[in-house]
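Participant: Below, each chain spelled out in residue letters.
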Amino acid sequence: MAENFEQHSDVSAADLARLTQEAQAEATPSTAKIIWSEFKADKPAMAALFIIVGFILFVMIGALFINTPKMMETNIMGYFNQPFTPEYWLGADSGGRSVAKQLIVGSRNSIGIAIGLTVISSTFGICWGLISGYFNGYIDWGMQRVYDFMMMLPMTMMIIVLVTIIPHYNSVTLTLIFSIFYWEGTSRLIRSRTLAESEKDYVSASRTSGTNHWKIIFREIMPNISSLIIVDCTLSFAENIGVETGLSYLGFGLPSQTPSLGTMIANANDPNNITQYWWTWLPAALEIIILCLSISYVGQVLRRAADASQRQGAAD
Amino acid sequence: MWKTILRRFLIMIPEVIILSILVFLLAKAMPGDPFTGSINPKADPQQIHHLMKINGLYDPWYQQYWQWVVHLFHGNLGNSYQYQEPVTRLIAGRAGNTLWLALFTMILTYAFALPMGVFAGRHEGKLPDTIIRVYTYVTYCIPFFVILVIGIWIFGYVFGWFPTTGSISAEASGSGWLQTIGSRFYHILLPGILGALFGTVNIVQYLRSEVIDAKGSDYVRTARSKGVPSKDIYRHHIFRNSLLPIAAFAGYSITGLLNGSIFTETVFSYPGMGLLFVNSISYRDYTVITALVLIYGILNLIGTLLSDIILSIVDPRIRIE
Chain A
1 MAENFEQHSD VSAADLARLT QEAQAEATPS TAKIIWSEFK ADKPAMAALF IIVGFILFVM
61 IGALFINTPK MMETNIMGYF NQPFTPEYWL GADSGGRSVA KQLIVGSRNS IGIAIGLTVI
121 SSTFGICWGL ISGYFNGYID WGMQRVYDFM MMLPMTMMII VLVTIIPHYN SVTLTLIFSI
181 FYWEGTSRLI RSRTLAESEK DYVSASRTSG TNHWKIIFRE IMPNISSLII VDCTLSFAEN
241 IGVETGLSYL GFGLPSQTPS LGTMIANAND PNNITQYWWT WLPAALEIII LCLSISYVGQ
301 VLRRAADASQ RQGAAD
Chain B
1 MWKTILRRFL IMIPEVIILS ILVFLLAKAM PGDPFTGSIN PKADPQQIHH LMKINGLYDP
61 WYQQYWQWVV HLFHGNLGNS YQYQEPVTRL IAGRAGNTLW LALFTMILTY AFALPMGVFA
121 GRHEGKLPDT IIRVYTYVTY CIPFFVILVI GIWIFGYVFG WFPTTGSISA EASGSGWLQT
181 IGSRFYHILL PGILGALFGT VNIVQYLRSE VIDAKGSDYV RTARSKGVPS KDIYRHHIFR
241 NSLLPIAAFA GYSITGLLNG SIFTETVFSY PGMGLLFVNS ISYRDYTVIT ALVLIYGILN
301 LIGTLLSDII LSIVDPRIRI E
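Protein chains in written order, with UniProt numbering: chain A, 1 to 316; chain B, 1 to 321.
The set of hints was computed from the structure by calculation and includes no laboratory data.
Hints are not guaranteed to be accurate.
Stated by the list, open to error - Result set (DSBU-like, lysine-lysine): computed pairs, CA atoms no more than 30 angstroms apart in a straight line: (1) B:Lys53 x A:Lys43; (2) B:Lys226 x B:Lys126; (3) B:Lys3 x B:Lys28; (4) A:Lys40 x B:Lys28; (5) A:Lys33 x A:Lys43; (6) A:Lys43 x A:Lys200.
Said to hold, decoys possible - If you want the footprint, here are the derived chain B segments under chain A, 3+ residues with CB under 8 angstroms: (7) 198-212; (8) 252-262; (9) 275-284.
No residue lacks a Cβ here, since even glycine has one placed at the ideal position from N, Cα and C.
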């Protein structure tokens, strides 16, 4: 066939190779390309993406230039300094500590924990869901019972109890404690998709030809549901920001000398602060809202990109 | 049918047992011992040692656990150190507040979500659908405690429309029952509305997709060809069909409401079980903590059980396992 084609065509071999490659690229565009064209088609999504990336870079780099212990020192001269002054852009709290600086360090801590939590809990949830969905029968049954049990636990309470039991905790232990309770959503989603995927022909073909189970799970099924995984990770990242800040708000997250967006919102627990000194907590609250909305919006766009029927980008 | 329900019950028993062991061990691991609050600083260490011994605190954990379970079945959950009264009485006094607030929130959630879901499904892809989708999306994404704080700031402090603390005002608690009920209702109004406005997403999305599915089904086509007005089709045919699975959501939402109660009650200083938990943690009042974790766990379990049973009645596919 190929020989025949070469004899009767004036297309050179190099051109043919190039054309074939182009045709293939067009027929099955890479995931990254699909996602990019989806973002190009949706301008607000592009804006959200830039806000998130820019903001995370800003706080990560900015926090390096701030001396946290010095920032957290009480400075009586700055007691509830008004915002929008050259020295205190966003004012100061009851200890005369700059709100703007706390916001930068606090965002760094909160986002860092949310990223760590997403990585750990998603990895665990994905493995759990894949294994549970792939191996039917007793393994799945047992894993489902563990899942049911975890769902029954009052999560917030259990986290608070664990935080009080552990004597010297820091952001790493805190992330680990959160991870114990936040893998269920991911695992359920991945399990149901894996169940459907395991019934497909390529899996049974691979099984019949004697491929190792683990290879089927992680090299064959997982790449096929990778778009789902990306979407889920993005959405749980937005959720996890709420998890950490919520517990820090209650006073059971990061220790009080380590600023977090949650501890800053906790300033609002004082009736004086909430009305008179709004700048001590409102910026942190607004920041959480904007961050969560932007991240979830990006997640929605990724979900559209993952589902060919919903795409808006001009892929064809 | 009954077999499914029975099986669900049987699975529940080991879950409760494991939960109780877990809770017991966590309480044991907490710093402090049960006599920290009840003795004065001058007490002899020898005396404490003796007290611990006669109360069985040096026994192996499984014996202590068994003692605890026996007490539990006698309705004895121990004493709170912080308040120096039986835990059962303490919690009974708070449980009502939490449950009323949860019930009120749930009713309001349904009141908001049902019309929205049907409306969105009916006008699929049009402007109302888009607006409702954006609304549910925004409310779903924002962490709930941030909404509570901003809500209490705007409506409680700036406008002063709602009370910002407690479950009943001081004047009303002494006067007649009408004022008492009125004041209680006034206190749960703002947290209830906020909880309902920001908790509609599951019901709306489920109902919307149900309505869209039902629109193309045979029974709707039959009704249409019979000449049933469009309004009645949505109200009597489609809506009634999705009512039971929607009701099943009530059980699942108990988990969310209880989890949320910790935040709601802290922000509004509302004396329910959630606030009691947060206060007990700061005082290391671990008899109260143990009891509350156990109660919340069992309530979660009952909620899920109810939902599962309703769904297995509605959807026969779930029964065949």
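Participant: Indicate, hint by hint, whether the structure satisfies it.
Facilitator: Right, here's what the structure says about each hint:
With a CA separation close to 71 angstroms, the supplied pair Lys53 (chain B) and Lys43 (chain A) exceeds the 30 angstroms bound. A distance of roughly 27 angstroms separates the Cα atoms of Lys226 (chain B) and Lys126 (chain B); the hinted pair therefore holds under the 30 angstroms criterion. Note on Lys3 (chain B) and Lys28 (chain B): the hinted pairing is violated, with a Cα-Cα distance of about 38 angstroms set against a maximum of 30 angstroms. A hinted pair counts as satisfied when its Cα atoms are at most 30 angstroms apart, and Lys40 (chain A) with Lys28 (chain B) does not qualify at roughly 57 angstroms.
Taken as a hint, the Lys33 (chain A) and Lys43 (chain A) pair is honoured in the structure, with Cα atoms around 16 angstroms apart against an allowance of 30 angstroms. With a C-alpha separation of about 37 angstroms, the suggested pairing of Lys43 (chain A) with Lys200 (chain A) is violated against the 30 angstroms cut-off. For the region 198-212 of chain B, the stated coverage by chain A is violated: 0 residues have a C-beta nearer than 8 angstroms to a C-beta of that chain, whereas at least 3 were required. For the region 252-262 of chain B, the stated coverage by chain A is satisfied: 4 residues place a CB nearer than 8 angstroms to a CB of that chain, which reaches the threshold of 3.
Beta-carbon proximity to chain A at under 8 angstroms applies to 5 residues in the region 275-284 of chain B; the threshold of 3 is reached and the given coverage holds.
In this structure, the hints that do not hold are numbers 1, 3, 4, 6 and 7, in rising order.
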